[in-house]
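J.: Residues per chain are reported as follows:
4 protein chains.
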Amino acid sequence: MSDPGEMALGLERERPGAPVSLPGAGLQGYTVPRTPLGQASLVPPPPWHYVGDFLVVDFHADPEVAASLLPEGLEPHPDAGRCAAVYADWQSCSEHGDELVDPSRSHYREFYIVVNALLDGEAVTTCPFIWVDQDFAMARGWIQGFPKKLGEVWTTRTFGLECRAAPGLRTGSRFGGTCSARGRAISRAKVTLDRVGDGSVHTAPPIVNVRHFPRLAAGRHDEPQIHELVRSRSRDRSVSEIWEGEAELELFDAPGEEHTLLAPVSVERGYRFTFAYTVDDLETVKELG
Amino acid sequence: MSDPGEMALGLERERPGAPVSLPGAGLQGYTVPRTPLGQASLVPPPPWHYVGDFLVVDFHADPEVAASLLPEGLEPHPDAGRCAAVYADWQSCSEHGDELVDPSRSHYREFYIVVNALLDGEAVTTCPFIWVDQDFAMARGWIQGFPKKLGEVWTTRTFGLECRAAPGLRTGSRFGGTCSARGRAISRAKVTLDRVGDGSVHTAPPIVNVRHFPRLAAGRHDEPQIHELVRSRSRDRSVSEIWEGEAELELFDAPGEEHTLLAPVSVERGYRFTFAYTVDDLETVKELG
Amino acid sequence: MSDPGEMALGLERERPGAPVSLPGAGLQGYTVPRTPLGQASLVPPPPWHYVGDFLVVDFHADPEVAASLLPEGLEPHPDAGRCAAVYADWQSCSEHGDELVDPSRSHYREFYIVVNALLDGEAVTTCPFIWVDQDFAMARGWIQGFPKKLGEVWTTRTFGLECRAAPGLRTGSRFGGTCSARGRAISRAKVTLDRVGDGSVHTAPPIVNVRHFPRLAAGRHDEPQIHELVRSRSRDRSVSEIWEGEAELELFDAPGEEHTLLAPVSVERGYRFTFAYTVDDLETVKELG
Amino acid sequence: MSDPGEMALGLERERPGAPVSLPGAGLQGYTVPRTPLGQASLVPPPPWHYVGDFLVVDFHADPEVAASLLPEGLEPHPDAGRCAAVYADWQSCSEHGDELVDPSRSHYREFYIVVNALLDGEAVTTCPFIWVDQDFAMARGWIQGFPKKLGEVWTTRTFGLECRAAPGLRTGSRFGGTCSARGRAISRAKVTLDRVGDGSVHTAPPIVNVRHFPRLAAGRHDEPQIHELVRSRSRDRSVSEIWEGEAELELFDAPGEEHTLLAPVSVERGYRFTFAYTVDDLETVKELG
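Protein chains in written order, with my numbering: chain A, 1 to 289; chain B, 1 to 289; chain C, 1 to 289; chain D, 1 to 289.
Hints may contain errors.
Residues from chain C that keep clear of chain D, each with C-beta distances beyond 12 Å, as calculated [what the hints assert, rightly or not]:
{"hint": "1", "residue": "E99"}
{"hint": "2", "residue": "G197"}
{"hint": "3", "residue": "D198"}
Facing chain D, according to a computed beta carbon distance under 8 Å, are these residues of chain B, among others [what the hints assert, rightly or not]:
{"hint": "4", "residue": "R184"}
{"hint": "5", "residue": "A185"}
{"hint": "6", "residue": "G219"}
{"hint": "7", "residue": "E223"}
Computed spacing ranges between beta-carbons, pair by pair [to be verified]:
{"hint": "8", "chain 1": "C", "residue 1": "G121", "chain 2": "D", "residue 2": "H221", "range": "30 to 36 Å"}
{"hint": "9", "chain 1": "A", "residue 1": "T284", "chain 2": "D", "residue 2": "G172", "range": "51 to 57 Å"}
{"hint": "10", "chain 1": "C", "residue 1": "G219", "chain 2": "D", "residue 2": "H221", "range": "47 to 53 Å"}
Hints in this document: simulated from the structure, not taken from any laboratory. Even glycine gets a Cβ: it sits at the ideal position worked out from N, Cα and C.
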């Protein structure tokens, strides 16, 4: 152990270090909490590097209801009701990558639904519902316009050995995903692989969301302080071979949730792949009411 | 069971109901996710009614370090280094109160530290560090300027029976509190009651925090979209009899945390009481940076 | 802080201390793990002192199905299908009581169902299903014959203040309870208080369970190593005033669960009270097959 | 969706089905709870198929202390103080494999320590401390003689893409593991890969543990009902290529834990690999005390 001090819990300091700032002016941090060293910020500063295993199911919801979930600024997609359900098992880190060896700060899992739409005539997706199992990922989602709540997400994993306890990436292998929140089932999917293909059609377009932060001042509760249509930007995207197959999808009612508005009226193909990218930008499309 | 339908999981709808809105214009919700019925919002609209059991320890940290944690706009308190550590075991609800019978949406526990300061010469407190165990309470804190992260918080409870398994509110009774986050200990306190008194001195002033929401647009990561000094407003405050006693307090180092900057240099009295109030307003004191 | 050393995380030692034992012969612990000091045991040695807030619903299930859940040695109760659902919000400790100031080792919540039966003609209850949220309570349950699995349990709390955020113990107050396991809803109950009464009829008899521990030796998987009917013994029992009222109860299907076999066919009264007792004994009624 | 009914939450029934048994005689289940269909058992019947990603650190503890942790029947290993720390990220299933598509019932993570010893002159290992994050794995461990408690375990993952957010299996890649229990840090390790090798020396021997189940009958608390030395048996073992490298390991003190008795006095190599096997047998070596 070349540097035992570095390992001592609590003595570790993130790179890069920074001098203690003067009172009143020197607090640092991309998010709260903001502190003299800037190391307590719930979300570290961009860029954020991501990689994840994905289980995706393309489906259609009731067209009218799907349209009712579109934010101002988006129009219904011509293939009315086009949606996808996504389970993602992520690992992420910031520029220095130190979170990777303290994995409680790099792993997280999430489930979300996207609805297809048009933005000024261009095909896009938007995310009305998403649940994630870590606080840093929840806050990082809000910053990008994803309406994240906490939930528990599970997906079948592959392992690098032929064995009874894990499916391989091959015809006939079955993968499952589940999401719950507050102890209530939210969704469940199964995909049985049958071939390598071109990937999910319903998640292909770029994603456009609403960044939103409310006011609490009396009399202004309905005038959010931030309310803007934003378009995700990313770079260094890569994807593995994409397996696909027959899919099943169920959404479950739960108190305080409305995602079953998008209950599948038809379920198309399912997909299993690994995806990586980097995020350090966001485009504001327009300010909303 | 007079209305079995109301109990069916997923058929329950929060009061008041609302018609499905027109596409593109009718999404409702005080926070994200915003939906046709407005029932999926992570945080319901104000007012928010709260009640909680509190364990508080007044202490002093290093004066220079405590001053370094003050946000722009606040000056050090003349009793330099004055702080308090607070464990709160809360139950809360919105106006209709329905969360009270679905208690996974009303219970939460949190631990926080306040530093005493001056705002234009007036004694105030400010909260640099806080951990909470529920997503709705984390988001509700961000809206009020509390820099909340997720954590686990435990405090000794009283019960309405004389017995071996719970302390009574009387001389000699011991109460403990602990907080952890990401599986690392954050703090620990013990209070041994000796008399009824007037309550915590260090938490008495009004609380002033920083509401903060960052930007992700490239080149603007250091220009937060919201960055303002805010002063909490509340009404309908009530408090029980306040017991006090000798206190112990420890803060523990943890990766990605800086709260041990406020390690106690002296520990004063501890307090145990119940407190209730209602919040539906917030005053913006000044825009920062 | 009179003894700072006692507070240092990891230096604390439970009372009573014990000398390090000789290799090979001196491991101590009421349960595993067994160690030189005996302080790592998942469950500390009896006696165990308990206090808890209870929400109970008396109900009837299908008589034939209820009978099918009785272990060998019990006969159906003459009031066929008599059951109760119980939510308990516990605090417990061992003889020295030190867990009370480290409350992550004393709090836990559980939900269980009892079925009424006869043992040699005497009215008894037995517990076929129970979920609890802490490991020490799960193991302590197995030792007493309770078939505990992990779950999440929530119940409405009272607080010592008149306020909007907590029901008082009075006519019209509503209390709720929920249980989930692995992210699936297990049960939900509501009770609306209307008067002080005599308490639950269906939980009144003594409880008789099956202590069970399987074998893993090849060929003997169906010959459990422990399989015996046991009768709970307790002492120093006390109970608060018991409020009662109209009740609702739902049980929800979930994968890998069978508790909905006991779905209510009628729901009787609900009860809210506080109960304390001490356990340090168990009677073996008979060895089973 | 060929069989939509199979997907409906709560209607799913595990294979193989079984008829409802007669009252009093027909309860089924390898563990509790035992039920008419046998599908609620916390642990399904053997065989159990496992696969997991492993991070292992060979180290030496104080020889005398390591010896003091050996159960009756084992003698100290000639390489005194030889131990290993193991982080395992598992997926497991029973014979039908249905848990694999409901992954909350197949994933779990655990951390454990083994001490090397001699059994009648043969080199073996034994596990004095282990933490796991799922109830079914905790109970399955007790059945095999592993002294499991609940904890949270995290390890760095690999993904099937070259990217910034995951280490590859190559020289210079860093892997980390952490364990906590009750919100207190238990251990932390880092391994920096430098070559493919032959694997961990300290975990190579077969494992011998103590199956233990206490009594609660008054006066017999120190006469466990099961207390026997058992030797694990497994089949269909396979292992991936094994990478190794320089390792760091820390054990952290925590209330109610004694694992820091095995604090490293020297840390040897670390290992990263994938391992699969099947368990459906256990050998009782001798009855103890």
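J.: Give a verdict on every hint.
T.: Structure-based check of each hint:
Distance check on E99/C: its Cβ comes as close as 9 Å (rounded) to a Cβ of chain D, failing to clear the 12 Å threshold; non-interface status is violated. The non-interface label for G197/C is consistent with chain D: the shortest C-beta to C-beta separation is roughly 31 Å, beyond 12 Å. With a minimum CB-CB distance of about 30 Å to chain D, D198/C clears the 12 Å threshold, and the non-interface call stands. Against a cut-off of 8 Å between C-beta atoms, the interface hint on R184/B holds, since the closest Cβ of chain D lies about 5 Å away.
Taken as an interface hint, A185/B checks out: its beta carbon lies about 5 Å from the nearest beta carbon of chain D, inside 8 Å. For G219/B, the interface hint is violated, the least distance from its beta-carbon to any beta-carbon of chain D being 21 Å, above 8 Å. Of the supplied interface hints, the one on E223/B is violated, with its beta-carbon coming no nearer than about 26 Å to a beta-carbon of chain D, more than 8 Å. Taking 30 to 36 Å as the suggested C-beta distance range, the pair G121/C and H221/D conforms, at roughly 31 Å.
The hinted window of 51 to 57 Å between T284/A and G172/D is violated, with their beta carbons roughly 40 Å apart. Look at G219/C against H221/D: about 33 Å separates their beta carbons, and that is not inside 47 to 53 Å.
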